[in-house]
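With the sequences and hints as input, model every part of the structure.
Protein sequences, first through last, are from chains A and B.
Residue numbers for the first sequence follow this note's numbering, so the first one is 44 and each next one is one higher.
Residue numbers for the second sequence follow this note's numbering, so the first one is 44 and each next one is one higher.
Heads up, a few of these hints could be off.
Copies of the same chain look alike in the list, so a pair counts if it fits in one copy or across any two.
Said to hold, decoys possible - Restricting the straight-line Cα-Cα distance to at most 20 Å, the calculated cross-link-like pairs of lysine to any residue (SDA-like) are:
(1) K597 - P620
(2) K786 - S796
(3) K853 - Q834
To be clear, the hints were calculated from the coordinates, so they are not data collected in a lab.
Number of protein chains: 2
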Amino acid sequence: MFLLHRHCNRNRSSLLLCLLHHQHFSTLSSSPPQPLDVPLSQPTYMIWSSNTSLGKTLVSTGLSSSFLFSSTSSFQSKKFLYLKPIQTGFPSDSDSRFLFNKLSSFSLRRQPPLSLSLSDSVIYSSVSAAKSVLSDKFRAPATEFGSGMYDLNLREVNENSGRGEAVSQLVCQTLFAWEEAVSPHLAAERESGVVGDSEVLEMLSKCLREGLESDRERMEVLCVVETAGGVASPGPSGSLQCDLYRRVIVCFYCLCLIFKNTLAFSLMGIKLMAKKKLEVICHGLTAHVSGTIDRPFRLPGILVGDGRLGGISGTISAYESLKLRGYDVIAVVLEDHGLVNEVPLMSYLRNRVPVLVLPPIPQDPSNDLMEWFDESHDIFNSLKDIMLSAYTERIQRLHDMTKKAGEIFWWPFTQHGLVPEETVTVIDSRCGENFSVYKERDNESITQQFDACASWWTQGPDATLQTELARDMGYTAARFGHVMFPENVYEPALECAELLLDGVGKGWASRAYFSDNGSTAIEIALKMAFRKFSCDHGILLDFLKNNTAERVIKLKVLALKGSYHGDTLGAMEAQAPSAYTSFLQQPWYTGRGLFLDPPTVFMCNSKWDLSLPEWLHAKIVNLQDMIIHGSGGMHMIDPLFQRILVNECRNHKIPVIFDEVFTGFWRLGAETTADILGCVPDIACFAKLLTGGVIPLAVTLATDAVFDSFVGDSKLKALLHGHSYSAHAMGCAAAAKSMKWFKDPQTNINIISGQKFLRELWDLELVQQISSHPAVRRVVALGTVCALELQAEGCNSGYGSLYASSLLQKLREDGVYMRPLGNVIYLMCGPCTSPEICRQLLVKLYRRLEDFNRVEEKVRVG
Amino acid sequence: MFLLHRHCNRNRSSLLLCLLHHQHFSTLSSSPPQPLDVPLSQPTYMIWSSNTSLGKTLVSTGLSSSFLFSSTSSFQSKKFLYLKPIQTGFPSDSDSRFLFNKLSSFSLRRQPPLSLSLSDSVIYSSVSAAKSVLSDKFRAPATEFGSGMYDLNLREVNENSGRGEAVSQLVCQTLFAWEEAVSPHLAAERESGVVGDSEVLEMLSKCLREGLESDRERMEVLCVVETAGGVASPGPSGSLQCDLYRRVIVCFYCLCLIFKNTLAFSLMGIKLMAKKKLEVICHGLTAHVSGTIDRPFRLPGILVGDGRLGGISGTISAYESLKLRGYDVIAVVLEDHGLVNEVPLMSYLRNRVPVLVLPPIPQDPSNDLMEWFDESHDIFNSLKDIMLSAYTERIQRLHDMTKKAGEIFWWPFTQHGLVPEETVTVIDSRCGENFSVYKERDNESITQQFDACASWWTQGPDATLQTELARDMGYTAARFGHVMFPENVYEPALECAELLLDGVGKGWASRAYFSDNGSTAIEIALKMAFRKFSCDHGILLDFLKNNTAERVIKLKVLALKGSYHGDTLGAMEAQAPSAYTSFLQQPWYTGRGLFLDPPTVFMCNSKWDLSLPEWLHAKIVNLQDMIIHGSGGMHMIDPLFQRILVNECRNHKIPVIFDEVFTGFWRLGAETTADILGCVPDIACFAKLLTGGVIPLAVTLATDAVFDSFVGDSKLKALLHGHSYSAHAMGCAAAAKSMKWFKDPQTNINIISGQKFLRELWDLELVQQISSHPAVRRVVALGTVCALELQAEGCNSGYGSLYASSLLQKLREDGVYMRPLGNVIYLMCGPCTSPEICRQLLVKLYRRLEDFNRVEEKVRVG
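This is the structure in structure tokens:
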């Protein structure tokens, strides 16, 4: 009745070879990887534990028995899928075999016997584990095995047919196994069988798809994925398991230089352990591109806690480690040791997560546990019911979210009349640069989309920084909550201000004025500039002398046409009339400025071009009595023009404001655009990427001279503008961490030591190809931004146009989330995004442009 | 040479009696408790551990030896203070005695012997532990002991005089001991020896003060406080230790009703375990006041990790639990088990926290460990050096912060010329409503101040909610980071919107429009109101028909004089001229409204009074073509007047905006002021307390009718106003948690089931007394706010006045942090603050008013 299969027996490459494979794929092939879907069609849970040996496998076994042997509801038959991605101590230990054996016994004991088909398979193992399995049965020569992991494909089957009922199934799978009974990272290192995180998750994803999708019409399925050791025990690559299962990391490194260096090559083969190490080694050897793709992979879980003395602490800490990585824990299970550990646990969890207590587990190894499982029957039944109903609730909520959102949200910049329910994106989570998106159509699943809006121009962290920021946010909220700023000092605010003045403000700024967002930073900057100008031109003195309320002086700004500095009225007054300032939007807008049409730079037909506005030839502008206002946006203003304008203003004692809300912190490839323009302002505004893109915070930096114009002996002369959350601790902590992270070559692969600019992210050849495409009018690629204007006429062009919608819908199917600005579309990444990912985005965009053009051609012809 | 003392032997009350004691104090005595200082004069560290039995005491022992036996620097002698607040398994286990014994042996072994004085004392123990200690020696009759903790005061001394050098000291103290070797909460329950968190920390604080302060001039001191079990193991009250040592909780309950109920009384005596439980029991029996004072108590720590299989996970999780509570961990120490656990730990910690590895600890109980300590000598030396230099760095940083802040911060609303360095407050942390403030003068220490500014009107959480929010912030940052809002939906945003519409928007609002702060929420509200008004009055149709850019229609708002709606220009245009809008501050301000002088309500000489402005008698206002604008601030506007105004506007189809940025979410005692006014708006703005006061977020709620005026087939008709972080996940998660927390009687002691208003927080009698004080002009006490205007004339009155400064400086010495609005001062608490704390604040304020008045009298007379 028991069958032992051994399928193919080919050697599998080590991580190093995998890396080469990825590298090969990344430079030669133009097929970007497909989004990795996590099926949602059946309830699937991780089984976590706060320590080793607390009975995860007993819980899985109890669950499988409870699920398979409970009376069927509407379904004909059932399937329990048990996946054990990482197993050490194999073959003497095998959790999947334990479950398989126990269920085999259970099913035989049952009266009437259940018609059950059972299987247990082990897919890959280390060479030494494979030897130890196979030498007994096959006496295969040792030379058959190379290094790295072995394609074991061991399979045991037990067809336990009962009476003619429909056949239920137990499918147990161990994905990767090692021989030594130590932590997977050690076993992997010692047995030269290192497996990358991406390989674990890709294999897991494959097993999930195959296991869950095949019979979903006629079968009720419950799936558990059992982790190894504790929640933060390292996996085979050295990544902590709670990090490993949160995301897929696909590493690719340019190893060409390493190829030539055989010493390094073999060194890596031996030493390779943690991703971190690899990065360091690679970094030392080659200046070539390296990076990771992080994709979210977040399953809800059960935590097996610790009922022993000291176990409350470990259980709570493990729970917190999972929460700190964005996991949901739906139940805690622990063994009774007579210490009623469940009472403080329930109190801690405020009864929001159920805590279930299992009877004491017999310690005698000869005990077959049958009695214990009988005793635990009700507990496992409850646990199973909790899992099934949590699944139903989750699916229902995901399903309802688009409708509810459409009913109660009022999205900014959105014509609700034009947003059908099915186009609303349900974001289940994000990891690094990627959204996890609920996909209802076809097979219900969670799929990935690269957030090419950089979550609306704010986004910076890769997955590693996101995890660090999460911990920092927890720490800062616990340590400070929020504390008011004026006349106080606390560590995050001070560190943030120090880093700002030593970073983007270096060489000119002396003071940091915090606020909440770009608009408020701009309004504050305007107030500063007005005061400075008034001081420098004797207006203030006049005002104070005459103490007059008459506002005879009309101060205006000098700003650039097409510029945009935020949505509050003050910020709007400093921008030229546009769709945003019309009577429809803001009846109070007057536009208090002189708005210059600047020359812009762009790429068209593979060549860089410069637009020259007419006035630049025609007239001379009198800059007196005006304030210059820097600009950003998707038009790249000629830097030379900007520098000359700044110099001219300085000559006329007109304070210069740089609006770096969008452009600052590497958005355009430099930490500050002062480095691009080659000149510095008197005042500059920062927001968005300042906090790494996780939390609102803005800052207006100023020179000592600007600050001095507010100093005096009266409070009324001080700058009386502020917001409750000025310099709030969490924002400042996020900013401090992100500023350091982005500029450190140890943490940001795009930083080259000693250089002021990020490495080139957008493949020049591809950008040129796109700029020559007939559907494209112009392209601008700089730093983390690649924007393109589509050829469009009449109502198809401009901000209100919906012209790009169909193109962007197609790109979402490719796993790229973009948002149009009328007929302008853009790809935006973070300062740490690898050039390879950018290249993949460009390839996907180019392909869809081809399709788009064909359709548009047809429309034009037809 | 060994002495055994036994001092007094009085029975000590159980927790229940302590509670009664507190209760007594809280209603009858008018002496508020003194702030609890944590001395900073000497390095003091917590010793944490990720599990039991990992060698915390060995680490303490090695440290003490390394510190005491190292060559002295500039100091004559040294003192190592070892505190063990919680000991179970006593007397057979006593960590302080272990350390005492080991050091006794070490000092004898030493050549030349060190002149060392050693002592070990145990202050309180459970009765059964005391019996077990004392019955041997004293054969004391069992009847001598009552229930509760026993004042054991056991003391062992070893005067180990060496050659005539100055005497160094080892002082070991166990604060509370229980007999059973189980978790402290269990031991305390089983031995009827429950000790409250506040008692543990007050005793600890006392021991620290006595141990650190006495010899600080002539001695170098190092102090460690060793915890029991793992970081999250429960203490005797059931509170997790990582929570217990973070804050002092002083419980006080009104037990008068319970007194009459002997059944409940005895029930409590037996069942009393966790604070939570007590609250539930109390809550069920009495509607009287109960609550806690939370005060920060945050020492840096060493984490003793786990070198065993599975230990990486436990160590990392324990570290994360500590970070999640705002603790700093300066080093991790673990025992070598041959598994190189330190490698993944260092990788996880990114080398920012050192990881030290101790040699394997001999398991044989007969081993005296002398050899092991010799082997570990260098490790402990390094650890000691890390601790001493981290201390020096910390003190230096705290010392420098005020100066640095003065140099690089630009505080809002602050005349920097008037802020001397010594008045700047260095906030080391906050816990619940209290700041931890660095005090440099006298003895360097960390002291507590109640944040009576409610961190500038935003603050809400008590310490428990703060811990929950910290975990939620970590979770949300890990799960979502930030994801852009338009056309998307994600759980925190949806839940937040649902709660808003079912809470403050209930009965009228249908849509939630998110932004960043009160100002932006107001600007958005104005845009909504303009559009709605334009639709209702045919202006929009005219505009669209003629498609004219001419702005012939001048829209104005109708608002209240003295109102304040934020600092951005749009929000300012809707307020009457004031110091904030002068040419000095905002040259673009024009003030586009009709500003009504409203009648206000206040208390004076113990009576409520109403001010009636002249115009109310004189003229009739034409409300046509205007928009009403609600107001807040420290003037309480007559609710009847407001309701009539709202009705009048509605009759004229003028949209009504409620500015609830300050007043919303229980600030004035109701979740929304709609409940106070008895009418609803068309649009309302919320911010500040919306997130519980930890992170910026704002929302503008609107009716369906308002929303509909933006719906159409063109994007240009949509509301084109937004901010990058609109509905950011962390803000929405904080808001969802806080909204639920504040309104739930289970979590907010001030909520009475079925009632719309918070219980009265400000003692009426005291408020009346203050309102009758000669230094006071008027008082307004409502909800969480108690504001008073000081009698002041000429330049002493108004916003620019510094009149209140000296009064507020004195209050800071009493542990109350306030900030003036000119000659108006206020006390502000959170929705969960207990009335007893408010009463203490009033008492402190009243006392200082007396002093203040005496001084002012002298000035007037002199």
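Against the structure, the hints come out as follows:
| no. | hint | result |
| --- | --- | --- |
| 1 | K597 - P620 | both (19 Å within a copy, 18 Å between copies) |
| 2 | K786 - S796 | within (9 Å within a copy, 54 Å between copies) |
| 3 | K853 - Q834 | within (18 Å within a copy, 70 Å between copies) |
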